[in-house]
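Make a model of the complete structure from these sequences and hints.
Chains as they are written, first to last, in the numbering used here: chain D, 1 to 334; chain H, 1001 to 1334; chain F, 2001 to 2316; chain G, 3001 to 3316.
Hints in this document: simulated from the structure, not taken from any laboratory. Since this is a predicted model, take the numbers as computed values, not measurements. A couple of the hints might just be wrong.
Said to hold, decoys possible - Listed next, the stretches of chain H that the computed footprint assigns to chain D, with coverage defined by at least 3 CB atoms under 8 angstroms from CB atoms of chain D:
# : stretch
1 : 1230-1238
2 : 1266-1280
3 : 1291-1301
Note that CB positions come from ideal geometry on N, CA and C, so glycine has one too.
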Amino acid sequence: MTKLSLRDALNRAHHQIMSADDTVVVIGEDILGGSGVDGGQELGGVFGVTAGLAARFGEARVIDTPISETAFVGMATGAAMTGLKPIVEVMFCDFMGVCFDQIMNQAAKARFLSDGRFDLPLTIRTTMGAGDGSAAMHSQSIYGLLATVPGLVVACPSTPADAAGILKAAVAAKGPVVLMEHKGLYGEMGVVDEALPPVPLGKGRVVREGADVTIVAVSAFVNRAVEAADLLNAEGIEAEVIDPRTIKPLDLPLILESVKKTGRLLVAAEDAAFGGFADAVISAVSRAAFSDLRAAPAAITPPDAPVPYGRKAEAVWLPGTDEIVAAASALATA
Amino acid sequence: MTKLSLRDALNRAHHQIMSADDTVVVIGEDILGGSGVDGGQELGGVFGVTAGLAARFGEARVIDTPISETAFVGMATGAAMTGLKPIVEVMFCDFMGVCFDQIMNQAAKARFLSDGRFDLPLTIRTTMGAGDGSAAMHSQSIYGLLATVPGLVVACPSTPADAAGILKAAVAAKGPVVLMEHKGLYGEMGVVDEALPPVPLGKGRVVREGADVTIVAVSAFVNRAVEAADLLNAEGIEAEVIDPRTIKPLDLPLILESVKKTGRLLVAAEDAAFGGFADAVISAVSRAAFSDLRAAPAAITPPDAPVPYGRKAEAVWLPGTDEIVAAASALATA
Amino acid sequence: MSAETLTWLAEKAWFIRAFEGAIARAADAGEVPGLVHLSNGAELLELAVAHALKPGLDQVTGSHRSHGIALSLGVDPYGLACEILGREGGLSSGLGGTQHLIAPESGLLGSNGIVGGQVPLALGAALSAKTLGTGGIAVAYFGDGAANQGAVLESLNLASALKLPVLFVCENNGLGQSTASSYAAGGVSLLGRARSFGLAADHVDGTDVVEAIKVADRLASWVRSAGSPAFLEASVPRLSGHYHGDAETYRGNGAGPTDPFDRLPKLLADRDVPEGLVAEMKARAEAEAERVVAKATQAADVSDKALQRYLKEAGA
Amino acid sequence: MSAETLTWLAEKAWFIRAFEGAIARAADAGEVPGLVHLSNGAELLELAVAHALKPGLDQVTGSHRSHGIALSLGVDPYGLACEILGREGGLSSGLGGTQHLIAPESGLLGSNGIVGGQVPLALGAALSAKTLGTGGIAVAYFGDGAANQGAVLESLNLASALKLPVLFVCENNGLGQSTASSYAAGGVSLLGRARSFGLAADHVDGTDVVEAIKVADRLASWVRSAGSPAFLEASVPRLSGHYHGDAETYRGNGAGPTDPFDRLPKLLADRDVPEGLVAEMKARAEAEAERVVAKATQAADVSDKALQRYLKEAGA
Ligand SMILES: Cc1ncc(C[n+]2csc(CCOP(=O)(O)OP(=O)(O)O)c2C)c(N)n1
Ligand SMILES: Cc1ncc(C[n+]2csc(CCOP(=O)(O)OP(=O)(O)O)c2C)c(N)n1
Ligand SMILES: [Mg+2]
Ligand SMILES: [Mg+2]
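Written as structure tokens, this is what we have:
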């Protein structure tokens, strides 16, 4: 066991994956960095996740691209149909708009349209998340939107071990997986098994047990939910925190089991206020376990507005620990 | 009053809107038709909705485009910032993937980013819907996905009068409106006031009253829900059918009022099984009116799979009246 | 071109034409779930390209109009017909349909409902060939209308920047649905576009099968040996409507395009083939196409079972 | 170029440079919410383009790197600084920030966080000008990296097909983030691309202010009078990192780009301007920029109130 940041765990997982399988290639903008520039050093991605890969595995397998997301995400998709296992990076999920056809219609539907005749071992890595003043086009968290698309697996890990393990599972998967990394979590430290074992897609994790209220929290919200659980403890409320890890397929059984015990559901997610992940979970639980619910389920999400730039506005926009505590304690006493 | 098909109502509304306001322009592929071809006749759009506009208002205001959705949806957005009121057509909503950035980041966020300094009177018309063998890339209904995007108004009318009226309201609105027309409804006949009065965005409609179960049905599902209500009547169940008309902003008060009476909620929508409109409504109602619910809410949606081509598969994929009847009657007796 | 090649090509060409005719009749009879976009007019060009490819090595992606491309590559006509009719035995058991034809075993990686959507995918096949050192190349077909789509334009550049072995084949039939290419495409020529991205590019009259074979072979060989992309613009007529059933009222009443097949009999006669071969080939094509499509019409619709399989695997 | 024009331009140029310096210092002091992309090196070219435009008629869209463009157009520096700092008095009360600068009243329709996203929007301004007959034109700025993005390529074609009065200005600084344009852009030149879509196109050394004024004026006039699009490729250096704080380790240790401002003093001297003018202008620029940014730093952050306003109107 060793302690690593989420960034370093992902980087190490890349190294392990690429050394174990020659058909894995990494594709994206500035992931090698400095292509075509004389001298200089490997950049390894704007967040350092792909650092050292080009030096070790060569430029044939670590491919810098023009700023042409449609062409290179599509290229990665086609490569996944023909013998490679590409890990393609879309620098920020906000940029998926420019290549959304290749994600929604090409990558997501290919296995269906082939009647399962080919696998599509495609991993799309991207970043997300507000909180760093990156404003409306570099801060979105569109996992709910992506999860509406049939054929996509969408994962949002919150710990270094999960991030690395999900990357491994994604590369080994039969269909396309979108791996969404919260920018605010790259520095997050965590203990990992050196082998960075795969984490199964579609399986959530009980982060902390509790009998009074179930908090389903995604990505950067997991830590805030745990903080909230500590504070709630002081009020005599025991919160159970669940990290679904995968957005779709959702580990609904795990959530239902918890709700059976607590009778109370709070979902904390950074994506859309309307039709986002929180709505998907609340709807699924309301439909499947209505009689287990002892109070109205609740959601903590940003409001239905683009991510603002100014610090005060962003702080208002992005809910934090306080909001979780308030909602959970209202819920527990409802 | 007169009887018109939904197609003709939309066409007539276009004529009225363009003759009343010189700043309205219509932009899209083949909406005039035959551009650059010698001789021949005006096509007026692949579904005939824009027929006769070019002959009447001239080619400067009815603009055929290359197959470049990003460029022309963006052009329409920029035109809406600078004095025009464009109605831009994306032939099928499945094609929005190729221009999704211009929708999600440019059109949707512009008013926010300008702090409300400019209006964006942009109407994006598109078609949707399965049932005609158009397969995976010409049959989707992505209204739930679009509604997750802050800044977009999304409307899905089900009658000729509503289609025409919403088009008028969209052109007069301050922000971008996506108007989604179900292909299966173009031939739908309905009585309309000749003046085709605007229909307010964000206001739903009680299509049929009933005390036992609330059915919220969208677009082509409205007729099926009414059919189902007839059949349910025979079983002694009185279904209230609500057509929200606008997906976002949602007329939640209207739905809550109904649920207060019935205690039972069924949502029938053709979009995503996970995180779609049905989940948004069920979540909103569960959160806001949990104590009014007397049974688990239910959703009728297609399964989480792309739209299949073969007739049998498409018939299985697309729920119909029977499924609504079964779900509603289970719900009413739960 | 040898007599053998020409005979092979003509036989196939007539079969493709006959196949499309049989599909059109099946559509008129209500046997086809969706709208079909027929390949009539582009057959010779597509066969010329197929002739330049290596089965088992190369992969092709096509547009919404890909029945002919599929047959040119040797995709089983019965499997193709069943897919177009949405029946058992279809390439994808009827899940995909006319616009989503997938037969990688015959070199058809896929066809596409989104204009231009198939083009980046071909780059992926080229990347695989290059990375895995298979010696294969990829071919991306698209129309003149698609040449204005971002996915296509980005792909021209990406293929050039990464030096990918891909041959772009732009079938220029002068129309994108009802809109003339002369209206929709800025600039003087699509070749100029391709060259501006650094691609080797050439034009061919796709109705001239002798030239088409030569140019397709030259460009494909060049892509294969140089490992770099090339662009082939082929003029072809669109003999039928945009889709089968299109009234084409937007087209003027001038003389329609001439059929490139009109030149085949003389070409064959010049090669000194047996008397009556043409009539024989045509008859064979008609009979075989009719047989295949009729048989497909008899096949069961099992697409619902295929859907269930998918749902089961997806856990949905 | 007259002495007046040159003096106007130099004064503005030094102010822009000083402004960016003050912003960088404010960022270092933690006063700026997000990353800033500085315009250092492109000032002269941007001023040359602004010089060719008609205030009140023309509209410009820019990329993520648009502080300099905004100032060149006459956007109020204090409103700009406040927006970059996310403060009261900012163009959008701090909702937009450094990458989303909007000041249509000064001709800046908007800048953009999505590479290339601003280019189609400029076509819209051109369409409005054309349809409403205002006599205005639109300018779409973008970088060499953006020239590989579908939105930009489609826009070149659409502007040509619809004959829109838009001037595309590609600021080629040789880099897109860390990646060289020579690597990312296929083909020999971006001019060739533009011409292949049917655009009038020219290149200018954006460090040569005399030439830049001439060429920008010529192309803008042509767009205005012909009502057709044109393309200007301008070579400019990127004097700072991709963003302020970028260590640029990917850049070799060779001589960095030279500063186009180095040539300004001699140019001014040749025009026989008063002794000491240069020093005076520089000092004025520094003082004024410092004052403006310092004042902005003192302004309150009221972005939360702006957000509430938005939410209230949206009914969210
Ligand atoms: C992105 C997108 N836009 C529009 C369409 C509708 N559409 C289908 S085919 C077609 C015309 C294509 O023209 P071209 O590329 O020249 O091919 P052709 O039909 O002539 O073979 C159009 C507009 C689509 N399928 N996808
Ligand atoms: C669609 C999209 N892809 C990637 C990015 C990330 N990004 C921001 S600026 C930039 C480089 C742009 O290069 P260029 O167009 O040459 O402009 P420059 O920064 O040199 O002014 C990149 C890759 C983005 N913002 N949007
Ligand atoms: Mg065509
Ligand atoms: Mg650059």
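Evaluated hints:
1. 1230-1238: violated (count 0)
2. 1266-1280: With 10 residues in contact (Cβ-Cβ under 8 angstroms with chain D), the coverage given for the stretch 1266-1280 of chain H holds.
3. 1291-1301: Three-residue rule met by the stretch 1291-1301 of chain H, so holds; n is 7.
The structure is inconsistent with hint 1 alone, although it conforms to all the rest.
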